[in-house]
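Q: Letter by letter, the chains look like this.
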Amino acid sequence: MALFEARHIHKRFGDQVVLEDISLAFQEGTMNGIMGPNGAGKTTCFNVLTGRFSPERGSVSFAGADITGLKPREIARRGIARSFQIMNLFDDYSAIENVLIAVPEVREKGFNMVQQLNGGSSAMDKAAEVLRKVGLAGREQENAAALSYGERRALEIAVALAAEPRLLFLDEPTSGLGAEGTARLFDLIAELKESYTIVAIEHDMAFLFGLADRISVIHWGQVIAQGTPDELRANKWVQASNLGKLA
Amino acid sequence: MQQTKAQPTFWITRQMLVLFAVLGTMPLWAESVGLYQYLGVEIVIWMIFALGFNLLLGYTGLPSFGHGAFFGLGAYAFGLVQHELAVSLWLGLLGAVALAAAGGGLVACFLSHRRGIYFALMSIAFGQVFWFVAIKWHAVTGGEDGLLNIPRPAFDFGVGHLALDNNTALFYFVLAVLAVVIIGLWRLVHSPFGKVIQAVKQNEMRTAFVGYNVWLFKWSAFTISAAVAGLAGGLFAMAQESAYPDVMSLHASGFVVMMTLIGGGFVSFWGPVIGAAVFFLARDLLGSMTETWLLWYGLMFMAVVVFKPEGIAGAWQDMVKRRSSGRERGGHAGAALAAQLKR
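Protein sequence lines correspond, in order, to chains F and Z.
Taken in order, the first sequence gives residues 42 to 288; the numbers are from my numbering.
Taken in order, the second sequence gives residues -8 to 334; the numbers are from my numbering.
Hints are computed from structural coordinates only; laboratory data are not their basis.
No residue lacks a Cβ here, since even glycine has one placed at the ideal position from N, Cα and C.
Take these hints with a grain of salt, some might be off.
[Said to hold, decoys possible] Pulled a few chain F residues facing chain Z out of the computed Cβ check, cut under 10 Å:
(1) Arg118
(2) Leu158
(3) Gly219
[Unchecked claim] Reference listing, derived: stretches of chain F covered by chain Z, where coverage requires no fewer than 3 residues with Cβ under 8 Å from a Cβ of chain Z:
(4) 109 to 116
(5) 135 to 144
(6) 149 to 156
Hey, can you work out the whole structure from these sequences and the hints?
A: Below you can see the structure in the form of C-alpha cells.
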C-alpha cells in the first residue's frame, strides 16, 4: 500500500474548478515529482494535500489513516512536512531558531512556560545538525532575513526537515536559484532521497528527471500523465505539450 | 566558529538589578527631585500592566486596544472582594487575577482566529462592552462613581503583618509584585512557549505548518496578558482606594498602547517599563507646566512613530550597536595596522 494516497480530489474556488479528479499515490522511500505549466494547479494540489485547504470531494490517506480535511498542524504532527515556494520563514529569528521551532522535541514542549531554550540541549544539537545538512553550518546565528536568497531557500527546506517527517513535500525548491544553487540543491535532494519519502513540485525538468523515481504531470487541474522518467519521455502527451523537450 | 550555544538565561539579569536598584531607592530621592511617593506606586502598577500587555503586542504581535477592560475587571474584583467577602490582600489580588483571566479567556475565544486590523477592531468592541457594563450595572459596580472606600488590607505573611496604608509601604509592596511579574515574564518569553508565540507573530501560517495550534497559543497569550492586567488593576484599586469605569475606557486602553510603543515594546522586553516611566514623568513634568500636556505627549508619540517606531529601547539599542561597531572598526584598523607592521 502506498504511504500517501489522494483519491479523486476535487477543489474549486467559487465557480473556478482548480482540481478535477486528481488521484496520486506515493510509495514509501521514493522520490516523486509533480510537474506542469504555470497555473496548472500544482501548488493548490499541495495545499489540499497538506491541509491548507480541504477538498470538496475526494479523500487523502497517509500511513493507512484517513487525513482528509485535517488541519495543517494535525497533518504535520502525523509526520508530513512541507516547504513553500514563496519563502515562508520566521524572519526575525536566527537560522537556528527557525529550525529549532520545528524540532518535534520543542514542539512537544510548546506550552512549557518555565524551561529555557538554551545551548547545549539535544534539540539545539538537532537543529544545528539539520542546518549542517542543508549547508548552513556557520550561519546559525544569522537572522533569516539577512541570509542570501540561496541560503533562505536552503533554510526553507531545513525548517521542513527539522520536523523529522516521514513524508516531505517540497514546493518548487529550485525557484529563483541560479545554475550553481540548483546544482547544490540537486546534491542535497539526492542525499535526502536516501532517507525520506519526497514529493517535489518542480519546473526544472532536468532537475526532476534526474532525481525522481516517478513523475506526475498536472495540467488543467488533472493528472494527464504518470510514470517513471523514461515512461514520461516516451509519453505522447508529454511530448506534445512541450513539457518533455528539456528532459 | 560554530555558535550554537546561546547565552544561558538567568533568573535575574543585570537589567533587573539596575531597575530594582533605581526603583528601590526611589522613596529616598523622589522628593528631592520634585516627585512624590504616590507617583512611584502609579508608575510601578502601570509597568506591570504594560509588561503584561506587551506579551500580547510585542511578543505575539496582537494589537489589543481594549486591554483597559481587564485592568478594570481586576480593580472591580479587588474592590468587590473587600466589600462583599473579606478584607484580605491575597484574596483580593487572587480575585482580580481570576476575574480578569476569565474575562480575557472569554474574549480570546472570539479573537484568537483573528489578527491585524480585525483583531484590533474586535478588541476595541469588547473593551467597550466591558466599559459600558461597568457604567450601567449600578448594583455591582456603583455605576459612574465606581466602588468607593476600598480598604488597603495589610500585607499578611503568616508570622506577622505589614500595614500598607502609607504610600511608601504600598510602594515597596507593588515593587515586590513587579519583581515577581518581571522574573516570571522573563522566564516565559525565553521558554518554549515564548518562542512559539514569537513565531506566531512572525509567521502564523508556517507556525501552523510545523505543527502548532496557533489558535490555542494566541488564546493563552491573551489570557495570561489579561490576568497580568487584572493583577495591575487590583493593585490600582488598592492604591486609589476605589475602582471606577474610567480605567476601562478607550483612552485608558490607548495609554497602555502608547506607553508600550514609546518605550519600545516591539524590540525590547524593557520597552513597557521605560514607556510607563516616561508616560508618568511626562504627565507630571509637562503637566506642571501646561494643562495641555496630553497634546505634547501625543505629539511625542507621533514623533516616535514617524522617526523611531522601535521606540526608546530601539534608539538605545542602535546607540549601543553603533558604539560597539565603532569599537570593532577600530579593532579592524588596529589589526590591519598590526598586519602592516608585520610585513
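Q: Hints the structure violates: just list their numbers, smallest first.
A: Number 3 only.
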